[in-house]
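Asker: Which chain is which? The protein sequence lines are A and B, in order. Just so we're aligned, residue 1 is where the first sequence starts under the numbering used here, counting upward by one. Just so we're aligned, residue 1 is where the second sequence starts under the numbering used here, counting upward by one.
Note that these hints are calculated values from the structure, not bench results. From the three backbone atoms N, C-alpha and C, an ideal C-beta is built for every residue, glycine too. One should not assume that every hint holds.
To be verified - A short, non-exhaustive set of chain A residues, derived as facing chain B with CB atoms under 8 Å:
hint, residue
1, Asp77
2, Gln92
3, Ala104
4, Val108
5, Ala118
6, Leu121
7, Arg255
What the hints assert, rightly or not - Beta-carbon label-pair distances, calculated as ranges:
hint, chain 1, residue 1, chain 2, residue 2, range
8, B, Ser235, A, Glu202, 56 to 62 Å
9, B, Ala211, A, Ala80, 23 to 29 Å
10, A, Cys81, B, Ala211, 18 to 24 Å
11, B, Ala120, A, Ala21, 30 to 36 Å
12, B, Val210, A, Ala80, 52 to 58 Å
13, B, Trp214, A, Pro62, 20 to 26 Å
Claimed, not checked - To spell it out: a stretch of chain A is covered by chain B in this simulated footprint if at least three of its residues, at any positions, have a beta carbon under 8 Å from a beta carbon of chain B; those stretches are:
hint, region
14, 57-71
15, 154-167
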Amino acid sequence: MRAPAAGGAVLTVRDLHVTYAGGVQALRGIDLQVAPGETLAVVGESGCGKSTLATAVLRLLPASAAVRGSVDLAGIDVYACPPGAAKRIRGQIAGLVVQDPMSAFNPVMRVGEHVVEARRLHSRQAAGQALWDWTVGLLRELRIPEPERRARQYPHEWSGGMLQRAAIAAASVNRPRLLLADEPTASLDASLAVDVVLGLRERLHTQARGADEAPAAMLLITHQLGLAAQVADRLAVMYAGRVVEVGAAAAVIGRPRHPYTRALVAAMPRPGAGLPEPLEGELPPLTPAPPGCAFSARCRLAQAACAAGPPPPLVDGVACPVVTGAAA
Amino acid sequence: MAVSESAIEATAGTAPAAAPAAALAAPGARRFRTLRRLLAHRSGVLGLAGLLLVAFVALVGPHLTPYDPTEVNILEKLQPPSAAHPLGTDYLGRDLLSRTVDGAHRSLGTAVAVVGAVLAVSIVFGCLAGFAGGAVDATIMRVVDVKLGLPGLVLSLALVGTLGPSLGTLILALTIAQAPWYIRLIRTMVLRERERPYVLVARVHGAPPVAVVWRHVIPAVAGQLAVLATLDLGSVVLAVAGLSFLGLGVQPPAAEWGAMLNDGRITFALHPLLMVVPGACIFFTVLCANLCGDALRDVLDPTWQRGREGRR
Numbered sequence: 001m002r003a004p005a006a007g008g009a010v011l012t013v014r015d016l017h018v019t020y021a022g023g024v025q026a027l028r029g030i031d032l033q034v035a036p037g038e039t040l041a042v043v044g045e046s047g048c049g050k051s052t053l054a055t056a057v058l059r060l061l062p063a064s065a066a067v068r069g070s071v072d073l074a075g076i077d078v079y080a081c082p083p084g085a086a087k088r089i090r091g092q093i094a095g096l097v098v099q100d101p102m103s104a105f106n107p108v109m110r111v112g113e114h115v116v117e118a119r120r121l122h123s124r125q126a127a128g129q130a131l132w133d134w135t136v137g138l139l140r141e142l143r144i145p146e147p148e149r150r151a152r153q154y155p156h157e158w159s160g161g162m163l164q165r166a167a168i169a170a171a172s173v174n175r176p177r178l179l180l181a182d183e184p185t186a187s188l189d190a191s192l193a194v195d196v197v198l199g200l201r202e203r204l205h206t207q208a209r210g211a212d213e214a215p216a217a218m219l220l221i222t223h224q225l226g227l228a229a230q231v232a233d234r235l236a237v238m239y240a241g242r243v244v245e246v247g248a249a250a251a252v253i254g255r256p257r258h259p260y261t262r263a264l265v266a267a268m269p270r271p272g273a274g275l276p277e278p279l280e281g282e283l284p285p286l287t288p289a290p291p292g293c294a295f296s297a298r299c300r301l302a303q304a305a306c307a308a309g310p311p312p313p314l315v316d317g318v319a320c321p322v323v324t325g326a327a328a
Numbered sequence: 001m002a003v004s005e006s007a008i009e010a011t012a013g014t015a016p017a018a019a020p021a022a023a024l025a026a027p028g029a030r031r032f033r034t035l036r037r038l039l040a041h042r043s044g045v046l047g048l049a050g051l052l053l054v055a056f057v058a059l060v061g062p063h064l065t066p067y068d069p070t071e072v073n074i075l076e077k078l079q080p081p082s083a084a085h086p087l088g089t090d091y092l093g094r095d096l097l098s099r100t101v102d103g104a105h106r107s108l109g110t111a112v113a114v115v116g117a118v119l120a121v122s123i124v125f126g127c128l129a130g131f132a133g134g135a136v137d138a139t140i141m142r143v144v145d146v147k148l149g150l151p152g153l154v155l156s157l158a159l160v161g162t163l164g165p166s167l168g169t170l171i172l173a174l175t176i177a178q179a180p181w182y183i184r185l186i187r188t189m190v191l192r193e194r195e196r197p198y199v200l201v202a203r204v205h206g207a208p209p210v211a212v213v214w215r216h217v218i219p220a221v222a223g224q225l226a227v228l229a230t231l232d233l234g235s236v237v238l239a240v241a242g243l244s245f246l247g248l249g250v251q252p253p254a255a256e257w258g259a260m261l262n263d264g265r266i267t268f269a270l271h272p273l274l275m276v277v278p279g280a281c282i283f284f285t286v287l288c289a290n291l292c293g294d295a296l297r298d299v300l301d302p303t304w305q306r307g308r309e310g311r312r
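Just chain B, same shape as in the assembly (with noise of 0.2 Å):
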């Protein structure tokens, strides 16, 4: 041996406080180099700076807004841009700029949180139908099969109206409806990487099931993930839209993108800024979030080098 056991052992046993500092530093620090390499994309950066933006707004926004984004002055309905209203007023007199920003939070942060959850309750039981297999597995799959069976919207409607009305009805619903997606081609994903020879060494190596799911199997089926979670952020933020048209989501009078857009319909032949303006910002951070998925697949694969974007 270059480096004797017992001489391990005793700076281990020394030294106890400063392992897990130098356990981050020695292996290269893997967090810090897939930022690294994130910032090193180019989309990737246009993507980030983008979502972080919204975010920023979505944060710090509601505080600066010139105007109560919910306060209706009649008088003042369906005006142009101008120096009081930067870009006018919907047709109850509300400011459209201090509702877009007061909007973000919601549209943003629904989707972020029904993406999460999406992600945190599939991978769970993704990983537990896929890697345990047998009744497990079957259990899983049967009940996935049957939410599958049922509309969404019908689950949606059902949820609800137990439930009531309300953002977090709203998150609850979406959650239950696209969660069954995901739990499937997790497994999907699982099943084929758990027959893979590293992931039988590491079993040979006497790693316990759920050390060989969380070091072997989620690292890498997480370049896959970031794809399809970032795609689908853009599709929530639309069904957040779509079910707060529904009078199921976000209630009058908070502002909401997909709701907005919504009011602006009736009147989008002459005051077209009142779907534009959402639409925008919708299709604003629907974009950012795809560059920055393409992105995280990119940093996530370690074959993938700098320049190298678009040319596979």
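For reference, chain A alone in the conformation it holds in the complex (with noise of 0.2 Å):
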């Protein structure tokens, strides 16, 4: 595991609120640090806000939404440059993998040429039959069969794993350092999913320009515990617009201590661990948060203090008072 560097650190989120026009308060103190070449899985139930956090790093909220706090791209405030900057951000500095790879494409643009677009936007190089074979070669690479032919069909002539494969090539045409893939695989077979996420990281790791240059980092929002475990090298586990738990991959699987984490990982289907236990209950509603721990409702640990006062903070990794001890 890579451990974050502070000072080098590609994506920096410090106290990041976001409230949306209605009141739902979707972010409510994000703290998150992505390193060069590190995959953090953001996990968590649907309506946690992960997604919120995807589309807040690369400023693309509604401008209704009411934001707090700060994000640090590759040194530039995200929220305090000017509109050049936010636009060298996206493309170059951060790349998006979407949820549905039918919807990722314009059913009316040929597959190459959205690599061809996605290229071109962030390069000098004109559009020409040069452009055109890069990209036939890219897609070669990605072991699309007859590239040749493949890129000159529309999104619809193509199946979903490919068509998601051709959205990273799009995504990670320009080398972004880092790479927001949102629910990459929801809409994959479980034996394409870790194939396709695997295939984004070793693309994203061969791809820097030299041994000088660190390869690129990678943020994946998934509510798939078992995914995250098998191609992160972090997970910080979300919990009603808060991260609940934060540490490596293996060690918060194999040894949660959050109870909403414990919860997670028990509802997992997993080999020799019995019939899993669905997590009873629902996300508290959100429009405003309730006071204390927003778990507490759900929690077979809970105390009286947990549903009072600020939410708890994350204390060496988990923001938990009742399993690290602070509780009173």
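Combine both chains into one complex, guided by the hints.
Answerer: What follows is the structure, given as structure tokens:
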């Protein structure tokens, strides 16, 4: 595992709060760091704020959303930089792979044209045969069969797995320092999912320009704990807009400490671990978020003090005073 | 990398002149593909052939007419079809065939000019309102709302009263009357498209808003716009006729199909050809335009396959 280096982190999120126009507090004080070459998986139930985090990092939230805190991407303060720098962030410093590959491609544009477009936006290379050949070469490298013919096809003529590989190609074509993958395997077969994400990681690592350049990092947003366990270096578990546990992927999955992480791991089917135990209850409403620990209503270890006061901070990678022994 | 970066940059650098030609050839030349697909579309071919025929008549016809379309010959008024006048003459003795041929370029030309102007204006303002949002959207849409609150005919009368009756004024008046509907519609389409994941992905790739609209939003709405515009071509031909009837558009004695319909109205019971001929011309043009619109919708949709017309 690569430890996050504070000075050289690709992404540093500090005390990030996002409140949507309806009053939903989607993010409530997120602190995260992603080091060069590292894969950080953000896991949690639907509605916990994972996708808002990805959107907030790229400054793509709706104008009506209120943002507090800071996001530092490769030394650029995303929310304080001028528009020119924001354009550089998108595509050159950060890339995005979205959930549904079918909807990530314009249905009236050929697949190859998407990759060409992504490349042209950040290079002075003219559109032409050379760029087209390069795109075909890239698709061949991603093990797309008959890339010359396939590149000229429309998205509906491709399978989901192949399209996701092409989406990865388009997102990584300008060698971004950080790749955000928001549920990149949600619409793929389980057998393909790990393959696609490992392929993506391998691609980011082999793309480094030389020995002096660090490989690109990845922020993987997923609700599939099993996938995160297989491909991530570190894991951040989110619940109701806050990070409740963060640490090395193997440690978080192998020895979960926060009651929510334990419940997530228990709900995950594992060989030899018996039947998965479903997690009872639902996420609390976030308009506004409840005081204290948002998980306390579903927590087996909850104490009277858990549901009061400010939300518990992360101490030693876990936001639960009962577990860390800090509770009075 | 299968193809090294330096190799590409070197190639692009040494052969800059070859790049644009290659750009057309490499992605399979989308424009030609659309034309090929249109030619493979049965009703599309019929519609296109009909429109080309009308366009040919409009362009070449005025030079080939047997008579001067405005020449009055009272002695030969209301003649039935004969060898000298294949379609007969009108109440002023003017040759109906010559007037029909001569009227084609005014009717079709005006309708095409109006639809073209409406599309140009509404695509710009509709995309601006839908994509920019905020104050820009609010300003454009309030102006559109005010215009939609005014009756089109009153506005047309006011414009003609100010600028004087002419074909140019007619085109301006119809454009102003039609554009607000289109702006509102295009804005709605853009609002829907801008939330699509592929638009988000294009923005994340760093595409500026103009490029996003040009490459992703407009192609996505082009099929629906093609159907709308071609359907409207017919109603604009009729609107030109209506305004000409009120004396606001094409001025007598110039021939125009709508004005000819009006001229033939009084004698319709005894000389139906005077209305049937220009009416049939309008019907044929509108039909061909609608067939073309349907075909364009199909061929602009990449999932359409030859031989699937009418099976959806």
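Asker: Hint by hint, where does the structure go against what was stated? Just the numbers, ascending.
Answerer: 1, 7, 12
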